[in-house]
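Heads up: the protein sequence lines correspond to chains A and B, in order.
All residue numbers for the first sequence refer to the numbering used here, where the first residue is 66 and numbers rise by one.
All residue numbers for the second sequence refer to the numbering used here, where the first residue is 66 and numbers rise by one.
Take the hints with a grain of salt, since some may be wrong.
Put simply, identical chains are the same to the list, so a pair is met inside one copy or across any two.
[Unchecked claim] The calculated lysine-lysine pairs, modelled on DSS-like cross-linking and capped at a C-alpha distance of 30 Å, are:
{"no.": "1", "residue 1": "K176", "residue 2": "K353"}
{"no.": "2", "residue 1": "K175", "residue 2": "K201"}
{"no.": "3", "residue 1": "K379", "residue 2": "K176"}
{"no.": "4", "residue 1": "K379", "residue 2": "K174"}
{"no.": "5", "residue 1": "K357", "residue 2": "K258"}
{"no.": "6", "residue 1": "K176", "residue 2": "K355"}
{"no.": "7", "residue 1": "K323", "residue 2": "K379"}
{"no.": "8", "residue 1": "K201", "residue 2": "K174"}
Simulated from the structure, these hints should not be mistaken for laboratory data.
Number of protein chains: 2
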Amino acid sequence: MNHVPTREDLLQAHERIKSFVHQTSVMTSSSIDILAGCCIFFKCENFQKVGAFKARGAMNAILSLSEEDRKKGVATHSSGNHAQALARAAKIMGVKSYIVMPSNAPEVKKKGVRAFGGEITECEPTLEARESTLAKVITETGATEIHPFNNYDVIAGQATAAIELFDDTEGLDFVLVPVGGGGLLSGTLLAAKYFSPKTKVIAGEPSGADDTYRALQSGRIEKSQANSVADGLLTSLGDKTFPLIKEMVSEVITVSDKEIIEAMRLIWERVKIIVEPSCAVPFAAVLKEKKKFSGKKIGIILSGGNVDLERAFKLFESI
Amino acid sequence: MNHVPTREDLLQAHERIKSFVHQTSVMTSSSIDILAGCCIFFKCENFQKVGAFKARGAMNAILSLSEEDRKKGVATHSSGNHAQALARAAKIMGVKSYIVMPSNAPEVKKKGVRAFGGEITECEPTLEARESTLAKVITETGATEIHPFNNYDVIAGQATAAIELFDDTEGLDFVLVPVGGGGLLSGTLLAAKYFSPKTKVIAGEPSGADDTYRALQSGRIEKSQANSVADGLLTSLGDKTFPLIKEMVSEVITVSDKEIIEAMRLIWERVKIIVEPSCAVPFAAVLKEKKKFSGKKIGIILSGGNVDLERAFKLFESI
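Please model the entire structure based on the sequences and the hints provided.
Structure follows, in structure tokens:
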């Protein structure tokens, strides 16, 4: 779609993707609540298909294409969860998917894409090479680009996680989500505006990739330093996500890599679930600003669980 | 109670404890199903209060005591999940709990018991010392012993996990649970008998503590070698659990420590949840006997999630 998603667009997206993604559970933990001094409701998108909320946006984007466009396939460049999410959504709908991946992308990610029949084109690991390779693929195939976050259909899809959270948990004072390119954050902001207007939306961001924090101060999109353990949050905002965030977000709280790893470990130990570093950023933000959240009812969207165990162990050992 | 729990006893137990324990979720994973060649429904007692199904039996036992008995408190010897489960249940009901623990019990377990107001008496780390110390505590206090598994109220409480699993998942061909002392297994057997008689119940047991497997061959209770990484399953059966198991269990499948650790790792990686070694035993049994389970609908009760991350990492590295 070519406009900021309306209330109706969000409801339609939810209806559209419902049978293709998990309605993930909301978990609580008394020991986490005691530790944090507030009531936290974790929306477990780490249990989502392909292990991340990205399954929602990709699914909605493909389901929103015309029959004709579907025939020509979809394309994106991604080394992360969006690549798999798009390949999966395409496979379900019998659509061809072209995924441009940097040559240094982990073998496991490539395998994941191939398992869903995605056609991988490798390129140099620079943003320029990724974009020019993608442009070439699109020229050759006529495929539609499905951007990982700077796309209103994707944003409407990501919004459905918050819709479910609001359905399951009434009276949330805050919802916290991580911010990278801003797809999940934009979707959550719209969902809160339409379905839970009293809930304030706060973003958690790694201090080593705090372009959103800086963008809100400068009033324009800033470049990310891309220097954090939270490898899903290294991108900068897009021209569709930035205005939404600028207009509606309550606050961006930045956290260090050490705070992220500590929060991640607490979620593993206390909630007994596996989350990736990027996913622990909002909880790290709550622990950092305990006073602000004291006694409040807080929703946190746990964005994903795709982390190599060996990598996780090394991170835990590093702090 | 002094008799094998009836259908009505199980329903009452469920009603009784319902508001004090989690109705845990049932999880599925397509990648696990592809790998195992069957449909697996994981009943997540690793998310249960105190991190294990033991919360159910302990709660039912204390709620089943007379007002007069409650005044004198409850007692047990345990170095594991039952200790915390009993202390928690006692605290909720305003009952005093006396827990005999071996002097070498991990500090974190003692802390857990104390956090629920449990009064710890330490003793030498032998079964004899544990039993004699418990006898002394009981003589001095008049407390009622709540045995971790050889107790019909405890068995009825553990049965409620399977009741919920049958409620949530119709048409299971098999249910698999781990067996140590046999409390969870006995409860599951009774629940299947009363509520899902077509479902066969199979036990998973570590080959380094395969006393149940041997007991079914010899026709009498056998001593456990207590030599396995699955530290929750090292005990032998009791005179209340053995007859139930002998009468009703379909089969006991034994698995090596290596198979247990591999299964545990797969659950972490694919289901994205944290389970302790003992908890992975039934899934290891399914992977070992793939042919038997091929294409079937299988319930697995994931018994608990209490494992130190460092210990888990070492186990994963060891194979």
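What label fits K176 with K353 when the C-alpha limit is 30 Å: within, between, both, or neither?
Classified as between: cross-chain Cα gap 26 Å, same-chain 37 Å, threshold 30 Å.
With 30 Å as the alpha-carbon cut-off, assign the pair K176 and K355 to within, between, both or neither.
between (41 Å within a copy, 25 Å between copies)
Status of K379 relative to K323 across identical chains (alpha carbons, at most 30 Å)
both (13 Å within a copy, 23 Å between copies)
Alpha-carbon proximity between K175 and K201, which holds within one copy, between copies, both or neither at 30 Å:
within (20 Å within a copy, 63 Å between copies)
Could you place K379 and K176 in one of the four classes (within, between, both, neither) given a Cα distance threshold of 30 Å?
both (23 Å within a copy, 27 Å between copies)
Is it within, between, both or neither when you check K201 against K174 at 30 Å Cα-Cα?
Within one copy only: 22 Å inside a chain, 60 Å across chains, cut-off 30 Å.
Within, between, both or neither: K379, K174 at alpha-carbon 30 Å
Classified as both: same-chain Cα gap 20 Å, cross-chain 26 Å, threshold 30 Å.
For K357 and K258, with the copy left unspecified, which applies at a CA distance of at most 30 Å: within, between, both, or neither?
Only inside one copy: K357 and K258 sit 21 Å apart there, 53 Å across copies, limit 30 Å.
Every hint, counting from the list given before, is met by this structure.
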